[in-house]
Amino acid sequence: MSDEPKERAELQSDVRKNPRRIAFITRRTSPQVRTQDDARVMTYPTALLKFIVVLQVAFLALVWWSLTVNAPLEGIADPMHTPNPAKAPWYFLGLQDLLHYFPPMVAGVLIPGLVVAALIVIPYFNINIEGRSIWAKPAHRPWVMAAVPLFTVLIFLLFAIPQFTHGDGALPAVDRFLDLFVPIVPTLLVGGALLLSSRYSPQSPKPFQRWLAGKPLSFWIMTWFMVELIVLTAVGTFFRGPGWSWVLPWRSY
Amino acid sequence: MTIKTGFERIRNSALWRSIFRSGEGSSNLHRAQAVQQNLLLHLFSVKIRSRALEFKPTWFLGALTLSTFFILVVTGILLMFYYHPSVPQAYADMKDLQFVVASGVFLRNLHRWAAHAMVFLAFAHMFKVFYRGAYRPPRQFNWVIGVFLLLLTLLLSYTGYLLPWDQLSYWAVTVGSNIAKAVPLMGDKMRFLLLGGHEVNANALLRFYVLHCVILPLAAVALIGVHFWRIRKDGGLYVPEKKS
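Going down the list, the protein sequences come from chains A and B. Quick note on numbering: our numbering labels position 89 of the first sequence as 89, and the sequence is numbered without any gaps. Quick note on numbering: our numbering labels position 85 of the second sequence as 85, and the sequence is numbered without any gaps.
Only chain B is shown next, with the shape it has when bound in the complex (with noise of 0.2 Å):
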C-alpha cells in the first residue's frame, strides 16, 4: 500500500465521508467541493483569476497582515497561559517567561515582532491598495472595512504595550491616554472608563488585558471574516485589464 492509496483509503472512510463530504477524487467538482463545504473557505469563491496570486499587483500585503495575526493569536494564546493580569505579578511573569519557562523569551519575543510587523503590513497594505486603485467602486466598503481593520490593529497593539507592566509600556500608555484628555466635553470620561481610574493602575491593567485579549481579537476577526467574504462579493481581487 502506497502513500497515495492509504490517503484515499482514509478519504473514502465513513468518517472523513462525514465530516467533510466529498470523497477521493482530485476534479475540479471534488476541489469545488472542498471550498464550499468548508466553513472557513467557503468566504471564498470556488475559482480565482490566476492573475490575482501572482506578486506583482498585491506584493501579498493583505495574506502576509494575515499570517502575522494568525502567529498573534497562536503566540498569544500561549502566553495566556503564563500571564496574571496583576500588579506586580505581571511583571513577576515576564521574569518568569525571561528564565523559567522554556523558550519563552522566543515565545515574546515572536509575539512582540509579530505585532510590530502587523502594525507596518497593515499600513503598507492600505497604500499599496490605494496606488494601485483598488478601493474603487465596487470596492469602496471593504476600503471603509479595512481602515477600521487598521484601527483595531493600532488599538490591540496599544492594549498589549501595557501588559508586560514595566517603565517602557507604563509611560507609553500613560504619554497615549493623556491624548484622549484633549478630546472636549467628553475626553475626562473616555480616559476614565479606558483606565478604570484617573491613573494607569492596576485597573487599568486589568481592562487592557481584557480588551487584548478578548473584546478586540472577537472584533478584529468578524471584521477579517467581513473583509475576506467582500473580496468575493465584489467580483474578487482587484487585477488591471490587459493593455493589448
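Isolated chain A (complex conformation) (with noise of 0.2 Å):
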C-alpha cells in the first residue's frame, strides 16, 4: 500500500485562467467532464422561418422607407459645371473630411490602408481574448493615466498642424476655429470616459459603472474609432458647405 491518499482535490482561485472545479478521481477510474449541454433546434424549420420573418421586417421597413422618400435625381451628368461642394457618397464623407486636413495621399492612402489593415489583423494579436480590465493591473494605471491626455494632444497636433503650415486665409475665423477643435471631441469624449472609469470599481453597485469599469483596452480603441468615424462622417455630411466650410444642416446655401 502506498501512502498516497485516495482522492486529491485541487483549487484553482483564478477562474478566468481555470475554471473552478473540483475533481475527486478514485483509482481504476477515470475523469469524467461533463460538458455545457445548450439547447439545440432543428435549424430547418425553426432558425429558417426566424430568419424568414427578420428578412420580411427589413422588407417592410424598406418599403415604407421607399414609399415614403423619393430617392435624389439631379440634373444630366455636366463635366463643365462643377458643383460646390461636390460631395463623396456619404460613408466616404468621413475620409473627405480627413481630405480638408491632410494632403490625399495621407487622408486618401495612408490612413485608409492602415485603417484596414487593423483590423483585419485584430483577431491575430491577442486582442481582448480575456477580455480583462484596462485597470486590472495596478502597475498599468500611472501609464494608462498618462496616455490618454499625451494620445489626445497628439491628435490635436495632427489635425492643428496642417492648419498652420498651409494657412486657408480665405476661410473666416469661426470656421478655423471649428476645423481645429471639431476633430478632437471624439478623442476628449471617449479619454474622458475611459479616464473616468478609472474611479469606478468593477464590484461597483451600480450596473453602468461596473460595466464601465471592467472594459478592456481593445474596448476603448475600437469605440475611439466608432466614435471618430461617426462625427467626421456626420460633420462631413450635415456640416460642410461651399469650399467645405461650415454650414447648418438647415440652412440653404
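No lab work stands behind these hints: they were computed from the structure. Heads up, some of the hints might be wrong.
Unchecked claim - Distance windows between CB atoms, simulated:
| hint | chain 1 | residue 1 | chain 2 | residue 2 | range |
| --- | --- | --- | --- | --- | --- |
| 1 | A | Gly192 | B | Ser26 | 55 to 61 Å |
| 2 | A | Tyr124 | B | Asn12 | 51 to 57 Å |
| 3 | A | Pro72 | B | Ser18 | 47 to 53 Å |
| 4 | B | Leu151 | A | Val174 | 35 to 41 Å |
| 5 | A | Lys206 | B | Leu151 | 39 to 45 Å |
| 6 | B | Leu154 | A | Gly243 | 48 to 54 Å |
| 7 | B | Glu241 | A | Phe125 | 44 to 50 Å |
As the list claims (entries may be wrong) - Once the Cα atoms are required to be at most 20 Å apart in a straight line, the calculated DMTMM-like pairs of lysine to aspartate or glutamate come out as:
| hint | chain 1 | residue 1 | chain 2 | residue 2 |
| --- | --- | --- | --- | --- |
| 8 | B | Lys128 | B | Asp234 |
| 9 | B | Lys128 | A | Glu228 |
| 10 | A | Lys50 | B | Glu54 |
| 11 | A | Lys50 | A | Asp38 |
| 12 | B | Lys56 | B | Glu241 |
| 13 | B | Lys95 | A | Asp78 |
| 14 | B | Lys47 | A | Asp38 |
| 15 | B | Lys47 | B | Glu241 |
| 16 | A | Lys87 | B | Glu199 |
| 17 | B | Lys95 | A | Glu74 |
| 18 | B | Lys128 | B | Glu54 |
| 19 | B | Lys4 | B | Glu24 |
| 20 | B | Lys233 | A | Asp38 |
| 21 | B | Lys47 | B | Asp234 |
| 22 | B | Lys56 | A | Asp38 |
Unchecked claim - Chain A residues, not near chain B, derived (Cβ > 12 Å throughout):
| hint | residue |
| --- | --- |
| 23 | Ala47 |
| 24 | Pro162 |
| 25 | Leu248 |
Given the structure is predicted, the values throughout are model-derived calculations rather than measurements. Just so you know, even glycine gets a beta-carbon here, dropped at the ideal spot from N, CA and C.
Since each chain comes alone in its own frame, lean on the hints to assemble the complex.
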C-alpha cells in the first residue's frame, strides 16, 4: 500500500484562467467531464423561419421608406459645371473631411490603408482574448493615466499642424476655430470616459459603473475609432458647405 | 381532402421525392434531411443553439445585412431590364423610371435605400461582432472574410452610385476616384484602369456597370457563401458561456 491519498482535491483561485472545479478522482476510474449542454433546435424549420421573419421586417421597413422618401435625382451629368461642394457618397464623407485636413496621400491612402490593415489583424493579436479590464493591473495605472492626455494632444496636433502650415486664409475665423476643435471632440469624449472609468470599481453596485470599469483596452480603442468615424461622417454630411466651409444643415446655401 | 393531406400527397409524389429526396413526415430525421440535401442549406448545421437565435447576442444584424443583399439582388435585376449603360441614355432611363415605367420610382427607391441600409448594417454588424468578442479564436478567419465583405459592400455601393449619370453621381465618383491618384507610383495607372480613361466618361460608366452588375456581386456571393460555411466550421454562432 502506498502513502498516496485515495482522492486528491485541487482548487485554483483564478477563475478566468482555470474554471473553478473540484475533481475527485478515485483509483481505477477515469475522470469524466460533463460539457455544457445548450438547448438546440432544428435549423429547418426553426432557424429558417426566424430568418424569413427578419427578412420580412427588413423588407417592410425598406418598402415604407421607399414609399415615403424619393431617391435623389439631379440634372444630367455635366463635366463643365462643378457643384460646390462636390460630395462623395455619405460613407466616404469621413474620408473627404480628412482630405480637408491632410494631403491626399495621408487622408486617402495612408489612413484608410492603416484602418483596413488594423481591422484584419485584430483577431491575430491576442486582443481582448480574456477581456481583462484596462485597470486590472495596478502597475499599469500611471501609464494609462499618462497615455490618455498624451494621445489627446497628439491627435490635436495632427489636426492643427496642417491648419498653420498651409493656412487657409480665405476661411473666416469661425471656420478655422471649428476646424481646429471639432476633430478633437471624439478623443475628448472617449478619453474622458476612460479616465472616468478609473474611479469606478468593477464591484460597484451601480451596473453602469461596473460595466465601464470592466472594459479592456481594445474596447476603448475601437470605441474611439467608431466615435471618430461617426463624428467625421456627420460633419462631412451635414455641416460642410461651399468650399468645405462650415454650414448649418437647416440653412440653405 | 384537407390542405394538410394535400401537401402530404404532393410531398409523397415521385416528382417531389426526386427533387427533395425526403418524403412526407416531420420527424427530426426529415428536418435534418431537409438541410443536408439542399444545396444552399447544407452550409448550415442541422441543429443550432437556441440561444444563438435570440435577439440579444446578435441583434440579427448579420441576417438583416443578408436580407438587404437579397432585396438588392432582386430589385437590381429588375432595374437592369430598364437600363442602358451608355451616355446619355442612362440618364434618360432614370427619367423613364420616373415617368414611364409602372412603379419605376418605387423600384429605384427600394434599390437605393436598401443599398444605404446595407452599408450601415454591415458596419453595425462589424462593431457588434467586435464588442461581443465573436472574432476571437477559432473565428479569426471569418472576421477577415467579414472585413473583405465590408470592402465589397462599399465598392458595390460606390460603383452603383455612378449609374444614374446625374450631377450627384458624376461628381461623387469624380471626388472618389481623385483619391486614387494619391496612391504612390501606380495611382494614375489604377485610376485609368478603373475609369477606362483619364476622366469619368462613357467608358467609366460601362466599367462601373460591369463591376456593379457582374464582377462585384459574384465576388460577394462567393464570400458570403464562405462566411456562412465558416460559421458552421468554427463551431456555430458565438454565444458566451452561461454564467452560473
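- [ ] Check each numbered hint against the structure and report the violated ones by number, ascending.
- [x] The structure conflicts with hints 6, 7 and 23, although it agrees with all the remaining ones.
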